[in-house]
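Asks: These are the residues of each chain, in order.
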Amino acid sequence: MGSRASSLLREEDIEEIKRETGFSHSQITRLYSRFHSLDKGENGALSREDFQRIPELAINPLGDRIINAFFPEGEDQVNFRGFMRTLAHFRPVEDNEKNKNLTSGEPLNSRANKLLFAFRLYDLDRDDKISRDELLQVLRMMVGVNISDEQLGSIADRTIQEADTNGDMCISFSEFTKVLEKVDVEQKMSIRFLH
Amino acid sequence: MRMRMMKMLLLLGLCCGPVCCGQNQSDPRDQRVFPVLSVNYDYVQMPFEVSLWILLASLLKLGFHLLPRLSAVVPESCLLIVVGLLVGGLIRVMGKKPPVLDSQLFFLCLLPPIILDAGYFLPLRPFTENAGTILSFAVLGTLWNTFFTGALLYACRPAALELLPCLLFGSIVSAVDPVAVLAVFEEIHINELLHILVFGESLLNDAVTVVLYHLFEEFAHAGEVTAGDVFLGVVCFFVVALGGVLVGGVYGVLAAFTSRFTSHTRVIEPLFVFLYSYMAYLSAEVFHLSGIMALIACGVIMRPYVEANISHKSYTTIKYFLKMWSSVSETLIFVFLGVSTVAGPHAWNWTFVTITIVLCLLSRVLGVVGLTFIINKYRMVKLSGKDQFIVAYGGLRGAIAFSLAFLLSSDDFPMKDMFLTAIITVIFFTVFVQGMTIRPLVDLLAVKKRKESKCSINEEIHTQFLEHLLAGIEGVCGHYGHHHWRDKLNRFNKRYIKRCLIGGERSQEPQLVSFYNKMELKQALMLLESNSSANLSTAVTAAAPRLESGERLRSGSFFFSERSAGEVNARRKPSVKFSLEPPKPPRGPEHLLEEDEELMHRRH
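Chains as they are written, first to last, in full-length UniProt numbering: chain A, 1 to 195; chain B, 1 to 604.
Please keep in mind that the hints were generated in silico from the structure rather than gathered at the bench. Glycine residues also receive a C-beta, built at the ideal position from the N, C-alpha and C atoms. Do not rely on the hints blindly, as some may be mistaken.
Computed beta-carbon distance windows for the label pairs [unchecked claim]: (1) A:Glu181 with B:Thr437: 29 to 37 Å; (2) B:Arg486 with A:Ser24: 24 to 32 Å; (3) A:Ser37 with B:Thr437: 50 to 58 Å; (4) B:Gly478 with A:Gln187: 40 to 48 Å; (5) B:Val369 with A:Val145: 48 to 56 Å; (6) B:Thr463 with A:His25: 52 to 60 Å; (7) B:Leu366 with A:Glu75: 38 to 46 Å; (8) A:Lys178 with B:Lys382: 50 to 58 Å.
Subject to a maximum C-alpha distance of 30 Å in a straight line, what follows is the list of computed DSBU-like cross-link-like pairs (lysine-lysine) [to be verified]: (9) A:Lys40 with A:Lys18; (10) B:Lys498 with A:Lys178; (11) A:Lys182 with B:Lys97; (12) B:Lys449 with A:Lys178; (13) B:Lys449 with B:Lys518; (14) B:Lys323 with B:Lys449; (15) B:Lys96 with A:Lys182; (16) B:Lys97 with B:Lys61; (17) B:Lys313 with B:Lys488; (18) B:Lys323 with A:Lys178; (19) B:Lys61 with A:Lys188; (20) B:Lys494 with A:Lys18; (21) A:Lys182 with A:Lys129; (22) A:Lys182 with B:Lys377; (23) B:Lys386 with B:Lys448; (24) B:Lys522 with B:Lys319; (25) B:Lys416 with B:Lys319; (26) B:Lys498 with B:Lys488; (27) B:Lys386 with B:Lys416; (28) B:Lys498 with B:Lys319; (29) B:Lys323 with B:Lys488; (30) B:Lys313 with A:Lys40; (31) A:Lys182 with B:Lys449; (32) A:Lys188 with B:Lys382; (33) B:Lys449 with B:Lys386; (34) A:Lys188 with B:Lys416; (35) B:Lys416 with A:Lys182; (36) B:Lys61 with B:Lys448; (37) B:Lys313 with B:Lys97; (38) B:Lys522 with B:Lys494; (39) B:Lys416 with B:Lys96; (40) A:Lys40 with B:Lys488.
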């Protein structure tokens with residue numbers, strides 16, 4: 001491990017990633033060169049520091065959460081497969097995909113999976129509910145330091161009140177989906193990966 | 001008592017003095033009877049007639065909505081044109097010459113309110129998301145329409161026309177008209193994407209139309225066209241479009257800056273908005289730049305800052321005045337179009353007119369289909385066949401085409417009357433046939449309609465969340481796309497621009513918080529208007545003084561939210577669910593307040 005040969009991308013790997021995520025060949029190679037340029041330690045995997053070096057993430061209010069989303073439970077390194085698997089959520093939805101037979105059943109970039117990805121960014125403790133505290137944390141990150149806690153609390157209360165249908169003072173995934181049904185998630189959560 | 005009598009007599013004498021002198025000036029010798037009642041119509045003729053026309057238009061609007069069956073089938077624009085025809089016929093029968101839609105009146109008085117209304121309330125998010133598509137339809141689509149129509153018209157040679165007049169005619173007749181589009185699309189409630197595509201195209205193609213019109217007019221005047229002239233034409237297009245936007249931007253920034261200091265003179269705040277916008281339009285027209293683009297740019301740029309600075313009452317005033325003026329303008333335009341049809345000199349030429357209509361339809365369909373084929377390669381949400389059909393079918397022509405044709409000089413263009421007749425026919429065809437059939441077609445094709453959505457704080461939060469998320473992911477991919485630049489612009493806006501243009505502590509307020517405050521304010525006003533249950537009277541009286549001063553309901557909203565938190569804890573009594581299910585607001589202009597401002601509603 002750690003030798004140059006294992007950090008180069010092999011054809012079989014490309015084929016597997018293609019099947020799993022639906023990216024095209026050129027997109028995979030292009031993203032691999034990006035992965036490689038981020039990987040300062042040259043060990044075929046990215047650590048949290050590698051991500052924190054990206055300037056756009058440093059100034060992004062959700063930077064830490066986005067970084068965490070790349071790393072699977074409890075791990076500190078993400079390899080190229082994991083990197084691509086996370087990015088696959090942001091592929092634009094194509095109509096002819098509905099006919100393709102992908103290994104994982106539902107494609108990673110379907111509307112439901114996109115929403116699940118976003119939901120998991122709110123829901124840190126993975127209990128499938130966005131509690132008031134988790135919502136407050138996200139609001140605080142987005143809004144900055146000038147707003148008082150009370151006002152933020154009232155916004156959070158209002159948000160939960162609007163979305164909550166079963167009265168448990170938390171937003172479950174189905175309530176989250178329902179609230180966003182009018183939002184064009186397919187367009188808002190997609191990046192145009194150049195061919 | 002006697003003193004009072006004396007004073008009255010004195011006053012009467014003083015009044016009679018000048019009046020008698022006035023009379024005596026014309027007839028020094030004759031002893032005429034003092035005229036108690038005299039008629040002097042010439043003195044008030046102009047304002048009187050203008051007011052009469054506007055009153056007629058407004059009464060018509062009232063009338064249409066009292067006939068529900070008619071207004072469900074026929075769009076208002078058609079009815080107005082028919083009324084215009086009737087009025088024109090009436091005037092003709094009375095022996096006088098009906099007034100024609102004067103181009104100067106149209107471009108300087110009737111068009112700006114409609115465009116300002118559209119620009120100020122332009123839904124910015126869908127517009128910027130589809131900006132590429134809209135621009136390509138506006139620029140490339142209009143160019144294609146012009147040259148296709150002009151060239152084929154020349155090839156068919158219906159009246160031995162030269163190439164340049166054909167191309168000029170093509171440029172006039174190919175521009176999609178914002179007034180007609182607004183009038184028809186507003187009633188059919190299609191989904192936001194299609195609405196913004198057609199409407200955005202109709203607004204932005206003004207730059208192309210202005211350039212092409214002046215270009216061909218100059219060429220026809222000069223007689224010879226060189227390659228250099230064509231190159232200059234292209235340069236002219238960029239100058240016109242970007243210049244218009246620049247002028248609008250400058251005035252928009254000025255308006256925003258001025259609104260920062262208006263906290264002590266709240267009453268004239270709306271006036272600044274209107275004046276700066278109108279000046280932007282006029283300044284752009286001085287240099288033959290695109291006035292429409294200037295107006296749109298001014299409205300779009302000044303809106304976020306002005307709304308942060310002005311009081312709620314001024315905001316409501318601006319909204320209502322814009323809606324009122326644009327509504328009256330639109331009515332007048334269509335009525336005048338009908339009257340002008342009866343009035344104008346006509347030169348009917350069967351071949352010319354039929355070829356024109358056929359070519360207009362054909363070029364529109366081909367243009368839309370061809371462009372969509374190319375654009376879909378770059379879009380994330382592709383345009384389906386149904387969408388393309390609606391976009392093609394919604395390309396209505398209107399009064400701008402008529403006015404541009406009217407401006408042509410008869411010396412250079414002896415066939416002006418034929419052009420006018422053909423254009424009027426095309427306008428009638430598009431407004432009547434396409435306008436009336438688009439509603440059943442939309443239902444037939446099951447095109448997605450606009451979803452009636454209330455303001456939702458959830459949507460706002462999650463949309464902002466997604467924007468940040470996408471900007472971050474683009475950073476990870478090293479991809480400088482749409483989200484990256486939008487994020488950069490937002491940050492720049494927050495750091496530098498908001499500080500200059502928004503006064504007081506509002507400049508530091510994040511967008512989310514102002515959205516929330518606005519929502520709370522709207523709910524409070526709705527409560528006040530709908531007289532809900534008695535145990536909210538304390539809430540109302542606590543909030544009322546803050547509403548009076550027109551300031552943001554900061555602690556007021558805190559008060560509401562305390563109540564709402566209390567409700568949540570006390571297992572929500574259904575009778576006091578004011579924050580979620582407010583009682584139905586009364587039908588009428590009041591409920592325009594609650595509607596999503598992003599939507600462009602005109603009348604209800």
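Asks: Would you list, in rising numerical order, the hints stated earlier that this structure does not obey?
Replies: When the structure is compared with the hints, numbers 4, 6, 7, 8, 10, 11, 15, 17, 18, 19, 20, 25, 27, 29, 30, 34, 35 and 37 turn out to be violated.
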